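Heads up: the sequence lines are chains C and P, in that order. For what it's worth, my numbering labels the leading residue of the first sequence as 97, then goes sequentially. For what it's worth, my numbering labels the leading residue of the second sequence as 3, then goes sequentially.
Take the hints with a grain of salt, since some may be wrong.
[Said to hold, decoys possible] Pairs of lysine-lysine, DSSO-like flavour, derived with a Cα cap of 30 Å: (1) C:Lys482 / C:Lys496; (2) C:Lys439 / P:Lys106; (3) P:Lys106 / P:Lys185; (4) C:Lys347 / C:Lys558; (5) C:Lys321 / C:Lys488; (6) P:Lys106 / C:Lys482; (7) C:Lys558 / C:Lys439; (8) C:Lys233 / P:Lys185; (9) C:Lys391 / C:Lys512; (10) C:Lys297 / C:Lys347; (11) C:Lys258 / C:Lys482; (12) C:Lys532 / C:Lys415; (13) P:Lys54 / C:Lys482; (14) P:Lys185 / C:Lys297; (15) C:Lys488 / C:Lys391.
Hint data in this document are derived by calculation from the structure and do not stem from the laboratory. Keep in mind the model is a prediction, meaning the values are calculated, not measured.
Residue strings, one per chain:
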Amino acid sequence: MSDGRIYRGAEVTADLQLSCDVCIVGSGPGGAVLAHELVGKGLSVVMLEEGGHHTREGFDQRESTAYPRLYQELGNRSTDDLSIQILQGRSVGGGSTVNWCSSFRTPDRVLAHWRDAHGVEGLTPEALAPHFEAVEKRLSIAEWPLELMNANNRVLWDGCGKLGYQRALIRRNVSGCANLGSCGFGCPVDAKQSMLVTYLKDAVAAGLTLYANTRAERFEWNGRKVTAVHAEVMDEATDRPTGRRITVRPKVAVASGGAINSPALLMRSDLFAQGRVGKRLFLHPVVVMGAEFEKPVEGFRGAPQACYSHQFLERGQGKLGFFLEVPPIHPMLAATTFSGFGKDHQALMARLPYVQAMLALTVDGFMEDEEGGTVRLRGPRDRRLKIDYPLKPYHFEAFKVACREMARIQLAAGAKQVMSLHADPVVIRNEQELAKLEDAPWAPLRLRVVTAHQMGGCSMGKNPDQSVVDNRLRYHGMDNLFVVDGSVLPTALGVNPQETLFAIARWGSHHVAAAVG
Amino acid sequence: MRSVMYLPPSGQKRRGFLKKGLVGGALLALGGVGALSLRKGPPRDLPHEGLKVLDAQEYAVMAALAARIIPDRPGFPTVEELGTAAAADAVLQKTDPSVQAEVKQLLRLFENAVTNALFGGRMRPFTALLPPAQDDVLREWRDSRLSVRRTGYQALRGLLLAAYYGDARTWAAVGYPGPVEVKAP
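With the hints as extra help, turn the sequences into a complete structure.
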């Protein structure tokens, strides 16, 4: 097989008509691993990626470059009412280009829940084990050593130690990591083993043809078969259509645009699965606590995530569990994420090197009748999607407990003061003042809620009346359409998602290949 | 004057107003901040390079908001020096037209004296208020019982803070050393 290539939008100067075995829409963790496996079987694969192709040379470690280039909606994706800010990748490599490298196998209890509650068959710990092993080897996934842990993570580690809370080191997909702390802006030394430098690189060498700046508009289909994928080429600078079009006629079509974008592509194609497409969107809704220390924390340096705590992962019936990690702290994201305005906000920014931050990620999708969020189209030609995620009393119950526990951990680790991300921040200086959190307003847009993990929207399961794709990741009722990405997850995970997506894509590649015939 | 219609009309327009779009592309999008040609001078002067999305009145509100969200502070560059309001305008140019319309509408609501009279008992437009009263208006939006006002506050606040702190000239003020020099692997 001849070498493949990555084309930029500007290189497409005429309309293109292409044929291939498999057309994959999206180059993130799902699409990249899938493409790699398929070209390895000798199949011809065309991949379409809406974002640009950016590499090490262009990763300048600047927020002001990274957010517009490498994130969905220039870094501003959010729910319609702005109550949840959604950080999601958008470039060749998808989320893997900008994520913080945390790698976890799918917890067994999650797989068991999918089997029992959602009729998911075949995704067993035994079935996935060889896939986890393969990707861990290829991506050099290994525990980040305690001696290299930065001070920002150390607060979580030490605080949990003092309080007797469960804690553990995070495994990361890096090779030769320089501990710069700029994972979120693209790795400038190619140490992060993202899709860009691993599976996509290998797949291109083995024949994958990838068109960047190319936005898939819709699948054309007839009866049970997709017959074409229609896409428009975008201008790299303006992100507006150039007028050039690419039409791919594959034997098999795959949506790998991730939660949010894959459901949207299906809906643009008039594929709604009786209204289930775009439902059950789960986000691990995150609340944050800030803390000020006497000594420098410098949360902008070092591996962003090096440890976690699962102390509060399961909190009993009717309650959302949560897990604890930390985020890197850079000026632009810190300024917009921390609350307040004017003098108080500036005073905090002036102390940025002394500021620590902690995340509580709530684990959504496991309670009975919990529906999560929805993705919908605004209009047939409107690129902007309508994302809703109603925050319910059980979210705020978990947020309040999580903020209190994070404050306790930060204080135990020596914080001078701790502040919530309420629009009007609650400031806590000691254990007694934790009670102030009780009186704070626990409601949408009064407390900052963010997410960097998007899951669901095309959920997987045996029963066509309850799911969008079947146990082979095939769209119910279609012979040659698959969804291979985070949108097929029936619930959130309770751990960072990337490794789950790699493994599911590798597992699913056999089903996709079989459909080529 | 548009009577008590501080809320946009019901139906299509209001849905549009409520949507995320208030900020749409704006919030963190101030990517090109550093590349803008910026000039010094009183904030209400229009930028040399001209306005791209906002009109002069909307720009004045944006500049007034910038001056309250990021007031002068020793060691910090001023919003005038960085041209923060102009940077916000430039960012809006990259966003969807519907986002632009919503931000313009939002700025006019902020300025609207009737809105201010309704919610804060003030009869003057936002840009004509003294700084402490402007801060009160910001807090009223922030703490409003109407989620649409809280959304509006978050949108403009985020837009301006991203415009300001996305500019490398603020790094010294916040003790951020900037990118690390790296060698190719």
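Structure-based check of each hint:
Note on lysine 482 of chain C and lysine 496 of chain C: the hinted pairing holds, with a Cα-Cα distance of about 28 Å set against a maximum of 30 Å. Distance hint between lysine 439 of chain C and lysine 106 of chain P is fulfilled; the C-alpha atoms sit about 26 Å from each other, no more than 30 Å. For a cut-off of 30 Å, the pair hint linking lysine 106 of chain P to lysine 185 of chain P is broken: about 45 Å separates their Cα positions. Taking the CA atoms of lysine 347 of chain C and lysine 558 of chain C, the gap is near 24 Å; set against the 30 Å cutoff, the hint holds.
As the CA atoms of lysine 321 of chain C and lysine 488 of chain C are separated by approximately 40 Å, the hinted pair breaks the 30 Å bound. About 20 Å separates the Cα atoms of lysine 106 of chain P and lysine 482 of chain C, which keeps this hinted pair within 30 Å; it holds. Note on lysine 558 of chain C and lysine 439 of chain C: the hinted pairing is violated, with a Cα-Cα distance of about 56 Å set against a maximum of 30 Å. Note on lysine 233 of chain C and lysine 185 of chain P: the hinted pairing holds, with a Cα-Cα distance of about 26 Å set against a maximum of 30 Å.
For the suggested pair lysine 391 of chain C and lysine 512 of chain C, the alpha carbons sit about 10 Å apart, so the restraint of at most 30 Å is met. Between the alpha carbons of lysine 297 of chain C and lysine 347 of chain C the distance comes to roughly 24 Å, so the proposed pair stays at or under 30 Å and holds. Taking the CA atoms of lysine 258 of chain C and lysine 482 of chain C, the gap is near 44 Å; set against the 30 Å cutoff, the hint is violated. With a C-alpha separation of about 22 Å, the suggested pair lysine 532 of chain C and lysine 415 of chain C falls inside the 30 Å cut-off, and the hint holds.
Restraint check for lysine 54 of chain P and lysine 482 of chain C: the C-alpha separation of about 26 Å stays at or below 30 Å, so the hint holds. The suggested pairing of lysine 185 of chain P with lysine 297 of chain C holds, with an alpha-carbon distance near 21 Å, which does not exceed 30 Å. Our distance criterion of 30 Å between C-alpha atoms is broken by lysine 488 of chain C and lysine 391 of chain C, whose separation comes to about 38 Å.
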